[in-house]
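Student: Residue numbers (the working numbering), protein chains in the order written: chain A, 44 to 327; chain B, 67 to 412.
Honestly, the hints are just simulated from the structure, not real lab data.
A hint or two may mislead.
Okay, the calculated bits of chain A under chain B, using three or more residues with CB under 8 angstroms as the criterion [said to hold, decoys possible]: (1) 220-233; (2) 244-251.
Covered stretches of chain B, as calculated for chain A (at least 3 residues, CB under 8 angstroms) [stated by the list, open to error]: (3) 140-147; (4) 275-289.
In this text, a Cβ means the ideal position worked out from N, Cα and C, and glycines have one as well.
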Amino acid sequence: MSDGAEMRATPGWVALWPALMLAIFFLVPFGIMLAVSVSHRDPAGAFIPGFELTHYARFLSAFFAKVMAVSVGVSVAAAAICVVLAFPFTVFLASMSHRTQTVALVVLLSVLSLSEVIIGFSLSTLLSKTAGISNLFYWLGLISEPQAYTPSLFALVTGLCYIGFPFAVLVLYPPVSRLDPEIVEAARVMGASASRAFFGVVVPNLRGAIVGAFILVFVFTLGSYLLPQLLGRSEDWTLSVHITDQAIYQTNLPFAAAMSIFLMLVALALVGLASLAGRQRRAA
Amino acid sequence: MTNLRIERLSKTFGSFTALDDVSLEIPTGKFVCLLGPSGCGKTTLLRLVAGLETPSGGRVLVNGEDQTQVPTHRRDMGMVFQSLALFPHLDVAGNITYPLAIRGADRASREARAEELLELVRLPGMGARRIDQLSGGQRQRVAIARGLAIDPKVFLLDEPLSALDAGLREHMQIELRQIQQSLGVTTIVVTHDQKEALTMADLVIVMKDGVIQQAGAPMEIYRNPANAFVAGFIGTTNLLPCAIHDGAIELLGARLPIVEGDRVGVDHGAAQLSVRPEHVAIMPAGEGAIEAEVTFVRDLGESRHVLLQASGQEVIAQLTPETQASYRPGDRVSLDFRPGERVVVA
Chain A
44 MSDGAEMRAT
54 PGWVALWPAL
64 MLAIFFLVPF
74 GIMLAVSVSH
84 RDPAGAFIPG
94 FELTHYARFL
104 SAFFAKVMAV
114 SVGVSVAAAA
124 ICVVLAFPFT
134 VFLASMSHRT
144 QTVALVVLLS
154 VLSLSEVIIG
164 FSLSTLLSKT
174 AGISNLFYWL
184 GLISEPQAYT
194 PSLFALVTGL
204 CYIGFPFAVL
214 VLYPPVSRLD
224 PEIVEAARVM
234 GASASRAFFG
244 VVVPNLRGAI
254 VGAFILVFVF
264 TLGSYLLPQL
274 LGRSEDWTLS
284 VHITDQAIYQ
294 TNLPFAAAMS
304 IFLMLVALAL
314 VGLASLAGRQ
324 RRAA
Chain B
67 MTNLRIERLS
77 KTFGSFTALD
87 DVSLEIPTGK
97 FVCLLGPSGC
107 GKTTLLRLVA
117 GLETPSGGRV
127 LVNGEDQTQV
137 PTHRRDMGMV
147 FQSLALFPHL
157 DVAGNITYPL
167 AIRGADRASR
177 EARAEELLEL
187 VRLPGMGARR
197 IDQLSGGQRQ
207 RVAIARGLAI
217 DPKVFLLDEP
227 LSALDAGLRE
237 HMQIELRQIQ
247 QSLGVTTIVV
257 THDQKEALTM
267 ADLVIVMKDG
277 VIQQAGAPME
287 IYRNPANAFV
297 AGFIGTTNLL
307 PCAIHDGAIE
317 LLGARLPIVE
327 GDRVGVDHGA
337 AQLSVRPEHV
347 AIMPAGEGAI
357 EAEVTFVRDL
367 GESRHVLLQA
377 SGQEVIAQLT
387 PETQASYRPG
397 DRVSLDFRPG
407 ERVVVA
């Protein structure tokens with residue numbers, strides 16, 4: 044047993060490096076934010092260090108409860124739509140030739156290079172009354188006059204889905220392409236119709252990947268603060284928009300920090316719930 | 067009880083012909099092995115029977131009923147895949163009874179059937195195990211049990227034992243044959259391993275390039291191959307160019323009269339002689355029909371192979387353990403091919 048330590052491939056101190064990185068880039072900023080959230084607001088400058096819970100108390104109001112509900116609701120909707128669209132898409136993509144798969148993935152990745160601003164303005168033009176797709180519908184005789192689809196909740200969720208979809212595909216693609224195609228054939232031979240094989244065998248075997256894609260898109264869209272302002276009405280503004288507003292325009296950094304911590308806690312709780320759901324079904 | 071009939075079945079993938087006008091009759095309860103090198107069309111034939119491929123021409127009949135328009139999931143087949151394709155999200159019992167659950171069987175009857183099948187494949191009480199807790203041989207048995215769960219019309223297996231190591235594979239060949247015989251289910255196994263085919267099958271179908279080369283009982287195919295490909299593919303053989311002339315086989319400067327028992331499929335002219343190594347007799351120089359020189363001796367434990375050169379052709383002779391004589395490379399000897407055990411093919 045004495046040479047057990049010598050046989051270890053990596054010495055223990057190597058773990059210090061990721062620990063250090065985690066501390067510098069995550070724990071320290073988080074600590075600062077926590078400290079700011081309980082400090083005193085200085086309308087002239089940023090904040091005066093101290094300890095008060097007024098900002099947390101202010102958040103506990105009907106108005107911000109509604110904002111929080113809108114934030115979570117919009118992100119859950121966007122994540123759910125993305126996964127529902129991306130999952131069959133990825134399963135279909137994985138059955139195509141390698142060449143087609145490469146082209147499709149490159150196109151999807153190129154979407155990620157677009158900034159949120161460009162996506163937001165493009166969509167607000169496409170959904171506008173003057174130059175948008177409603178003119179096409181009008182020309183086709185589907186509607187009696189052109190109309191604006193933005194700003195609206197629909198426009199906002201569309202924009203978030205546009206951003207979230209490539210992420211969902213990228214998370215789903217590796218496990219989907221690794222799934223043994225003979226599993227589906229086995230289910231078919233054993234009496235399962237095509238749709239039954241899909242929902243009874245493909246979906247349960249990729250539950251982890253589906254939950255992962257959902258969490259990624261949810262967290263990613265939760266932090267979006269530009270699209271709600273570009274595509275949403277003021278009642279569709281998410282907590283991220285209000286945090287930006289407080290931090291930059293109202294110079295109320297402590298309140299912005301307090302809201303950020305709330306947002307983070309809610310996000311963590313939802314991610315925890317989702318991954319728990321994913322794991323429990325797997326064990327069952 | 068199922069009679070399976072394949073009529074003029076063809077399958078092309080683009081310009082590649084995987085199966086070319088194959089007709090075949092498989093009687094009830096028989097164990098059939100489709101044997102051939104990779105790309106010979108044996109797996110395609112199996113998949114056409116299962117309905118996983120659509121034929122380019124011809125049809126599959128089960129008990130006289132055309133299956134062409136019957137979708138895979140309504141064919142009531144059982145199948146074991148090369149990758150086994152067990153469902154990782156279900157436990158052993160869940161896997162085995164999946165075909166029953168699809169058909170709406172209630173929980174009690176499923177549990178009873180699972181235990182019955184686990185007994186059959188010698189895994190009693192393992193129903194609650196997860197698939198990733200099983201060894202390769204155990205997974206194999208679960209896949210077999212799952213394929214048999216509904217008493218399938220035809221039991222199809224695609225290279226089922228190829229992932230197992232040699233010892234376990236031979237054991238499972240015997241076990242699979244015993245299970246098949248006890249149930250009497252019509253069974254088709256695809257394999258590229260001729261020993262596996264000879265061990266298990268009632269009927270061996272040798273395929274090459276999408277065409278059936280020969281169909282017959284294992285010993286018949288071994289003793290009486292229809293052509294040079296079959297002779298070379300099944301077991302070890304010496305294939306030597308020869309000519310048939312006036313009731314004799316002429317080869318290597320010798321003239322061997324054809325006798326009772328020799329299987330000569332060529333009337334006249336150039337052909338090939340197939341002689342199994344165990345039918346090549348070595349004797350002192352000058353006593354036999356064909357002169358040869360020993361080039362190598364292989365000791366294989368249960369037997370010895372002597373490699374010889376005769377007029378530029380390599381000949382392998384197998385010595386029985388009782389043979390006292392010993393040979394060294396360079397020894398001059400003469401050979402005879404045992405009368406009545408000679409096969410001439412085109």
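Student: When the hints from earlier in the document are held up against this structure, which numbers fail?
Tutor: 4
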